[in-house]
Amino acid sequence: MVTRNIGIEAVPPKNECADSKCAWHGKISVRGNVLQGKVVSAKARKTAIIKREFLHYLPKYERYERRHSKIHAYNPECVAAKEGDIVTIVECRPLSKTKHFIVIEKVGG
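Residue numbers (this note's numbering): 11 to 119.
The hints are simulated quantities; they were obtained by calculation from the structure and are not laboratory data.
Each residue gets a CB set at the ideal place from its N, CA and C atoms; glycine is no exception.
It is possible that some hints are incorrect.
Claimed, not checked - Straight-line Cα separation of at most 27 Å, DSSO-like style, residue types lysine-lysine; simulated pairs:
1. Lys-31 with Lys-70
2. Lys-116 with Lys-24
3. Lys-56 with Lys-92
4. Lys-37 with Lys-107
5. Lys-48 with Lys-116
6. Lys-48 with Lys-31
7. Lys-61 with Lys-109
8. Lys-53 with Lys-31
9. Lys-24 with Lys-48
10. Lys-48 with Lys-109
11. Lys-70 with Lys-116
12. Lys-31 with Lys-107
13. Lys-24 with Lys-70
14. Lys-109 with Lys-70
15. Lys-107 with Lys-53
16. Lys-56 with Lys-107
17. Lys-70 with Lys-37
Stated by the list, open to error - Restraint ranges, calculated between C-beta atoms of paired labels, are given here:
18. Leu-68 with Ala-28: 41 to 51 Å
19. Ser-79 with Thr-13: 22 to 32 Å
20. Lys-24 with Glu-75: 18 to 28 Å
Based on the sequences and whatever the hints tell you, model everything.
Here is the structure:
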């Protein structure tokens, strides 16, 4: 099976899969936000929960506060991100009630 060009600067996975919801080997198109975060949980089947930490500016106090968000992302078999991995996720069409992102590559971890 051939890996597709998804239009984003990312290293394609070495493994192949026959998953129709995979960004590299399936028919899902990706667009919108490209984010990075750490995988907090990968217990659910084909799902990874990514925690993103960022700074939010408070004009009243002229300072920043730390915030975080957890994003549910589709974890294809060819990428297979585990807990502790730092991954890149990309927005796509809604895949389920809470999943609107796909894991496209492991950056570190």
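Status of each hint after checking the structure:
Taking the CA atoms of Lys-31 and Lys-70, the gap is about 45 Å. The hint is violated against a cut of 27 Å. Between the alpha carbons of Lys-116 and Lys-24 the distance comes to roughly 11 Å, so the proposed pair stays at or under 27 Å and holds. For the suggested pair Lys-56 and Lys-92, the alpha carbons sit about 11 Å apart, so the restraint of at most 27 Å is met. Distance restraint check for Lys-37 and Lys-107: the Cα-Cα separation of roughly 19 Å lies within the 27 Å cut-off, and the hinted pair is therefore satisfied.
Between the alpha carbons of Lys-48 and Lys-116 the distance comes to roughly 10 Å, so the proposed pair stays at or under 27 Å and holds. Under the criterion of a C-alpha separation no larger than 27 Å, the hint pairing Lys-48 with Lys-31 is consistent with the structure, at around 22 Å. For the proposed pair Lys-61 and Lys-109, the alpha carbon gap of about 14 Å is at most 27 Å, so the pair holds. At roughly 19 Å between alpha-carbon atoms, Lys-53 and Lys-31 fall within 27 Å of each other, so this suggested pair holds.
Taking the CA atoms of Lys-24 and Lys-48, the gap is near 21 Å; set against the 27 Å cutoff, the hint holds. Restraint check for Lys-48 and Lys-109: satisfied, since their Cα atoms lie roughly 16 Å apart, inside the 27 Å limit. This hinted pair does not check out: Lys-70 and Lys-116 have alpha carbons roughly 38 Å apart, beyond 27 Å. With a C-alpha separation of about 15 Å, the suggested pair Lys-31 and Lys-107 falls inside the 27 Å cut-off, and the hint holds.
For the suggested pair Lys-24 and Lys-70, the alpha carbons sit about 49 Å apart, so the restraint of at most 27 Å is broken. Taking the CA atoms of Lys-109 and Lys-70, the gap is about 35 Å. The hint is violated against a cut of 27 Å. Annotation: proposed proximity of Lys-107 to Lys-53 holds, straight-line Cα distance about 18 Å (limit 27 Å). Between Lys-56 and Lys-107, the direct Cα distance comes to roughly 14 Å. Compliance with the 27 Å bound is thereby established for this hinted pair.
A C-alpha spacing of about 47 Å is found between Lys-70 and Lys-37, which places the hinted pair above 27 Å, so the restraint is violated. Between Leu-68 and Ala-28 the CB atoms are about 49 Å apart, so this pair conforms to the stated range of 41 to 51 Å. Distance hint check: the CB atoms of Ser-79 and Thr-13 are about 30 Å apart, consistent with the given range 22 to 32 Å. Separated by about 40 Å at the C-beta atoms, Lys-24 and Glu-75 break the suggested range of 18 to 28 Å.
Hint compliance for this structure: hints 1, 11, 13, 14, 17, 20 are broken, all remaining hints hold.
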